[in-house]
Amino acid sequence: MTELNNTRDNPPGAPSIQAEMVATRTRTPYLYFLIRDPVAVLAALWLLFLLFCALFGEWLFGDLARGMNLAARAAPFGTTEGGLVNILGADALGRPILARIIVATRVTLGIAMASAIAALIIGTLIGLWAGFKGGWTGRVIMQLSDVLQSFPSILLAMVVLYMLSPSPLNLILVLAVGQLPVYIRVARAEVLELRERLFVDAARVIGARPYQIIAMHIGPMVIPTVINIVTIDFALIMLSESSLSFLGIGVQAPNITWGLMVSQGKDYLETAWWMAFFPGLMIMLSTLSINLMANWTRRIRDPRERWRFERAKQA
Amino acid sequence: MTTATLAPLLSVSYLVKHFDVGGGLLRGKTGTVKAVDGVSFDIRRGETFGIVGESGCGKSTLARTLLRLETPNSGRVTFEGQDIFTPQALSDKALRRRIQVVFQDPFAALSPRMTIYDVLTEPLKIHEGTLDKARWPERVRELLERVGLRPEFANRFPHEFSGGQLQRIGIARALVLGPELIILDEPVSALDVSIQAQVVNLLEEVQEEFGVAYMCISHDLSIVRHISDRIGVMYLGEMVEMGDCEDVYETPAHPYTKALLSAEPEINIGGEKRQQVLLKGEVPSPVNPPSGCRFRTRCWKAQDKCREVPPTTRVGDADRVVKCHFPLTND
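Those protein sequence lines, which keep their order, are chains A and B. FYI, the numbering for the first sequence is 120 to 434, going by my numbering. FYI, the numbering for the second sequence is 1241 to 1571, going by my numbering.
These are computed hints drawn from the structure, not numbers from a lab. All values derive from a computational prediction rather than experimental measurement. Do not rely on the hints blindly, as some may be mistaken.
As the list claims (entries may be wrong) - In silico lysine-lysine, DSS-like type, Cα no more than 27 Å apart, as pairs: (1) 1520(B) x 1545(B); (2) 1333(B) x 1365(B); (3) 1545(B) x 1498(B); (4) 1333(B) x 252(A); (5) 252(A) x 1365(B); (6) 1498(B) x 1520(B).
Could you build all of it, start to finish, from the sequences and the hints given here?
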């Protein structure tokens, strides 16, 4: 035991040892690396702008977005008549597109985010469980998830929303249920592979309980994968929501969403393209930014990829 | 070997682990792999018990079963007299602390997303109350220094290390909870030859310092010979010979042992050439092992009796155990 005693010069829990270890464990803050990555900065700025719109849009442009103005009916893109707010044109009732887009941010992102997160959490938990339990439980869960996946989700949504009221909460739930199978499938596949890995065996030998194995080993490996899926899903959910809104069972007036605006504007595509184009552009830019940010976050959090950033820092 | 007279630390008797093959929704199972088939042995406190055999002979399954990663079909394993497969024992965390493992592949045995500090404190996290949290950094530091790594490495991730360094970390992890038995499943076969000796020396130092017993599984005969006090030879799920390490190496009693040992490359300058025994054929499938003696299909001494009657285990001098009708030591 001589060598062990050598390291005990300091009393138990001596601050020097702890401080030394903690000090070397802190790393350069994420913000530092973010600033160095122009694409990620643009995406982050766009998302900040959206956050601002979602928080203050209603307060700034709420009345403007809903008040009819027959003088400005179908005002074209680029006009400055009636103020700068008409710069992106106006819709068939003379409501400025810009104001409507900004006001719509809150409900659009709110619904998409809520259902994406609900699908992510519920689907991943079911998938983890199905993968970890295996056997009959796992098989039954997978069969049910296949049934759900093969059933047209828009039809499911129509039936449910006709029977129940098309309230935002029901809309969120229906959209989430439609996306569940993806998460169940991916989470289960990851668990099936991970639970055979040697480091999971090592944890079992140490005496880890199943929940500890999921929390310490399987969770941290599955989360980045499902997070990446959720960013793609986010766009899909926005589009599903717009289809439902178009059918009249989605978002109800006076609420506005980008999807609803695309649907309303598509009848005028030949004469007034701006009505559908700009809300569509918003959907595209927002999903793109979310994807870019998610990818950046995944890379910065992966210990095996982080060195790229750190090398860039040294250079 | 001063402790040889004490009661065994780990006692394995008639351990059987079979795996079903085939199966599926409509088809029944098509066979059974007899991976471990009635193996018995003891490991004494502080000693090293080596297990050698070809790939597929059930060495690793034996290790996984003793680690309770697999449930045996039958047989009994006791650790200091306590059956380790009773429901109470299976949920007894304290027992887990006493048997630990070092795996073959050090890259796969560590989670890529955990720092070495996290890896080494995971056992302490799982076994709450073992050590005051304030002392964890100190414990990690001690362990890293003990296995010959710098304490600053605690903040790094597994991908930043070489195989030899990772195996040292694997050994450190096995030591965290102060085990009494460490199962070494091919501890050095994934490493470069130059690193193997260092890791073997480390294992020996650790044993001397902490008095831990090893069960060392390997197909590398020279390493097993170097570190073992006693060895067991496995063939097709059975322990065909067992005894004091030097005895078995010098005077193998089972024909299979002789063949296996003669396959080991040898540096021989000017001396007498060792007699080479070449086996014919392949290892039979463990799904359908030969009747009688399992080795008879490849044995040059096989006779009719070997086909008809499975050999019983004979215990000779100095706990020498042979499972053969015609052991070579009788010649």
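Cross-check of the supplied hints:
As the CA atoms of residue 1520(B) and residue 1545(B) are separated by approximately 20 Å, the hinted pair is consistent with the 27 Å bound. At most 27 Å may separate the alpha-carbon atoms for a hinted pair to count; residue 1333(B) and residue 1365(B) meet this at roughly 12 Å. Only pairs whose Cα atoms come within 27 Å are accepted, and residue 1545(B) paired with residue 1498(B) is accepted, the gap being roughly 21 Å. For the suggested pair residue 1333(B) and residue 252(A), the alpha carbons sit about 22 Å apart, so the restraint of at most 27 Å is met.
Taking the CA atoms of residue 252(A) and residue 1365(B), the gap is near 24 Å; set against the 27 Å cutoff, the hint holds. Restraint check: the Cα-Cα separation between residue 1498(B) and residue 1520(B) comes to about 14 Å, which is no more than 27 Å; the hinted pair holds.
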